[in-house]
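Protein chains in written order, with the working numbering: chain Y, 1 to 331; chain E, 1001 to 1133.
Read the hints as simulated data drawn from the structure, not as lab findings.
In this text the structure is predicted, and so the values were computed from the model without any measurement.
Treat the hints with care, since some could be wrong.
[Claimed, not checked] Here are the simulated distance ranges between beta carbons:
{"#": "1", "chain 1": "Y", "residue 1": "Lys216", "chain 2": "E", "residue 2": "Glu1068", "range": "33 to 43 Å"}
{"#": "2", "chain 1": "Y", "residue 1": "Lys87", "chain 2": "E", "residue 2": "Glu1005", "range": "44 to 54 Å"}
{"#": "3", "chain 1": "E", "residue 1": "Thr1032", "chain 2": "Y", "residue 2": "Leu46", "range": "57 to 67 Å"}
{"#": "4", "chain 1": "Y", "residue 1": "Lys326", "chain 2": "E", "residue 2": "Lys1102", "range": "55 to 65 Å"}
[To be verified] With a cut-off of at most 25 Å between alpha-carbon atoms, the simulated PhoX-like pairs for lysine-lysine come out as follows:
{"#": "5", "chain 1": "Y", "residue 1": "Lys87", "chain 2": "Y", "residue 2": "Lys193"}
{"#": "6", "chain 1": "E", "residue 1": "Lys1080", "chain 2": "Y", "residue 2": "Lys228"}
{"#": "7", "chain 1": "E", "residue 1": "Lys1112", "chain 2": "Y", "residue 2": "Lys87"}
{"#": "8", "chain 1": "E", "residue 1": "Lys1002", "chain 2": "Y", "residue 2": "Lys84"}
{"#": "9", "chain 1": "Y", "residue 1": "Lys158", "chain 2": "E", "residue 2": "Lys1002"}
{"#": "10", "chain 1": "Y", "residue 1": "Lys8", "chain 2": "E", "residue 2": "Lys1080"}
{"#": "11", "chain 1": "Y", "residue 1": "Lys50", "chain 2": "E", "residue 2": "Lys1063"}
{"#": "12", "chain 1": "Y", "residue 1": "Lys154", "chain 2": "E", "residue 2": "Lys1116"}
{"#": "13", "chain 1": "Y", "residue 1": "Lys297", "chain 2": "E", "residue 2": "Lys1116"}
All C-beta atoms in this analysis are idealised placements derived from N, C-alpha and C, irrespective of residue type, glycine included.
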Amino acid sequence: MEINFTHKQSAHCENGVVSNLMRFNGFEVSEPMVFGIGSGLLFSYLPFLKVNHAPVVTYRVMPGFIFNRFAKRVGVKIKREKFKNPKQAQQRLEENLKNNNPVGLQVGVYNLLYFPDEYRFHFNAHNMVVYGKKDDRYLISDPVMEEVTSLSEKELEKVRFAKGAFAPKGHMYFPTAFPKKLDLEKAIVKGIKHTCKDMTAPVPIVGVRAIKKIAKLIRKWPIKKGIKTANHYLGQIVRMQEEIGTGGGGFRYIYGAFLQEASTILNNPKLAELSVEITKIGDLWRDFAVDASRIYKNRSAKEDAYNKIASQLEDIAHQEEIFFKKLRKAI
Amino acid sequence: MKKSEVPQDSSSLESANIREMYYAVDENGEYTTELSTGWDPKKIALDNAIQDIKERTEAARQKVLKNETSPVEYYMELNKMDIGILASYVGMWAWRVKRHFKPSVFKKLSAKTYQKYADVFDITVEQLKHIEK
Chain Y
1 MEINFTHKQS AHCENGVVSN LMRFNGFEVS EPMVFGIGSG LLFSYLPFLK
51 VNHAPVVTYR VMPGFIFNRF AKRVGVKIKR EKFKNPKQAQ QRLEENLKNN
101 NPVGLQVGVY NLLYFPDEYR FHFNAHNMVV YGKKDDRYLI SDPVMEEVTS
151 LSEKELEKVR FAKGAFAPKG HMYFPTAFPK KLDLEKAIVK GIKHTCKDMT
201 APVPIVGVRA IKKIAKLIRK WPIKKGIKTA NHYLGQIVRM QEEIGTGGGG
251 FRYIYGAFLQ EASTILNNPK LAELSVEITK IGDLWRDFAV DASRIYKNRS
301 AKEDAYNKIA SQLEDIAHQE EIFFKKLRKA I
Chain E
1001 MKKSEVPQDS SSLESANIRE MYYAVDENGE YTTELSTGWD PKKIALDNAI
1051 QDIKERTEAA RQKVLKNETS PVEYYMELNK MDIGILASYV GMWAWRVKRH
1101 FKPSVFKKLS AKTYQKYADV FDITVEQLKH IEK
C-alpha cells in the first residue's frame, strides 16, 4: 500500500512533518509559518544536562512543542500515541496506513542508516512521516532528505524504540480534525508574542539572558576547564547552532522568512523591516561560528580569542534584546 | 545571508547524498531556500567531536587491555554512548552498569546479563568478553 503523499524537503524535521501532513490534508502552510506560529525560536542553556560530555544549549523549543502550539493556535486537533510494546506500535502504524492516513513518528537518529556515520548520535527527537509499505519495507518521508526513502520493519522498530534522553517510545502522531479555514492572522500574533516573551524572559537560562550567560562561561572555560575542554564545549555550541535542521544561523533565518511572510498576511510593513533585522542578527551568529571554529581548529588558542568571541555573543544578546522588544511593539 | 552566500563546502554529507536546506534572501530581498553540501566551521566541529569519541574509545580499549576496566566501557564508548544511555538500553540502573566496569565484577556476570550487553552492542558474547587487541 502506498498513500499518495507529497514529500517536500524542509530545513527542520518537525516543521517539515507538520507542513507536509497539513498539505496532505489540503492546507498549504509553509515551513517558516509552522515554525513562527508554533513559537519554535528560542535560546536556552541547560546546565543540568550534558550531551557528548558537553553542556547543552538549544536554539529551539522542546521537541513536540512546535506542533502542539501550532495546532492549538490554528485549531487543528492532533492525536498522539506512545507504546510500551513494539508489536502493538507496528500494528497501530499499519492500521493507519491501511486507512490511507500518513503518520508522523518521533525517532532516534543513532540507528538511521541513511545518515552518514558522523551524524549518527544518540539524539531522539528526529521526526519523519511514514506513508506506506511496499515489499515489507516502510516508505519514509524524512523532511531533511531531498528524496523519500524506506526502512525495513526491524530498522523502523529500532529507531522508534531508541533509548536514552527523550526516548520516543514508539511515539506516533497525526492531525485528526481541521477548521474550515485556517485563521492564520490571530495565530501569527499569538506565536510572535510568545516568542518575544520567551526571548526576553527574566530567567538566566532562557532567551537573551542565557546568551549572556554563555558568553560569560566562554570567558571562564579556558581558565577553569583547560583549552581542550573549552574547545570541545565551543564546538558543541556551534554544532547545535548550525546542525542540520536549523536553516542556518540557529533558526534565525527561518524566523526571518516567517516574519516576511507574516508581514504580507497581516499587511504590516514593520514585520518586513524586522525580517531584515533578524537576518542580520543571523549573519552575526554565522560570524560567531566562523570565529569560534578558528579557535577549535587549531586546538590551541590565546585567551584573548575566547574573550573576543564572548564579546561577539554579548553583542548578539544585546541586539536580540532590542529586536524582540521592537517585535513585541510591532504587533 | 544571501542566497549566493550559502556555503557549498565539502563534507561527509556528500557520501550519503544529502544536501541540507538553508533559508536565505535572493537579489530582491525575498526569502527563499537553497541546498548546501556543507560548511567548514561546522565540519571542523563535527570532526573534532568524532575525534574526541575515537580518543575516548582508544583510551577505554587500553584500559581493558591493562585490566583496569571491563569491555562494557569500551563498547559503550565505541557506540557513542554514556552510562545513562547504556543503562536505559540494557534496562538497568546506571550504578549497576557502572559496577560492571569493574573487571572482577564483569567476570562473574550471569549469561543472561552478558547476552543483554551483547544484544545492545550488536555483537556476540564472545566478542563482548574478549575485545580485539
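Each hint, compared with the structure:
1. Y:Lys216 with E:Glu1068: 33 to 43 Å: holds, 38 Å
2. Y:Lys87 with E:Glu1005: 44 to 54 Å: Since the Cβ atoms of Lys87 (chain Y) and Glu1005 (chain E) sit about 50 Å apart, the hinted range of 44 to 54 Å holds.
3. E:Thr1032 with Y:Leu46: 57 to 67 Å: At 33 Å between Cβs, range violated.
4. Y:Lys326 with E:Lys1102: 55 to 65 Å: For Lys326 (chain Y) and Lys1102 (chain E) the Cβ distance comes to about 59 Å; the hint holds.
5. Y:Lys87 with Y:Lys193: Given that 25 Å is the threshold and the Cα spacing comes to 43 Å, the pair is violated.
6. E:Lys1080 with Y:Lys228: At roughly 19 Å apart (the allowed maximum being 25 Å), Lys228 (chain Y) and Lys1080 (chain E) satisfy the hint.
7. E:Lys1112 with Y:Lys87: holds, 23 Å
8. E:Lys1002 with Y:Lys84: Not satisfied, since the Cα-Cα distance of roughly 47 Å exceeds 25 Å.
9. Y:Lys158 with E:Lys1002: violated, 40 Å
10. Y:Lys8 with E:Lys1080: violated, 31 Å
11. Y:Lys50 with E:Lys1063: Holds. Lys50 (chain Y) to Lys1063 (chain E) sits at ~24 Å (cutoff 25 Å).
12. Y:Lys154 with E:Lys1116: Holds, at roughly 18 Å.
13. Y:Lys297 with E:Lys1116: It is violated: about 40 Å lies between the C-alpha atoms, which goes past 25 Å.
In this structure, the hints that do not hold are numbers 3, 5, 8, 9, 10, 13, in rising order.
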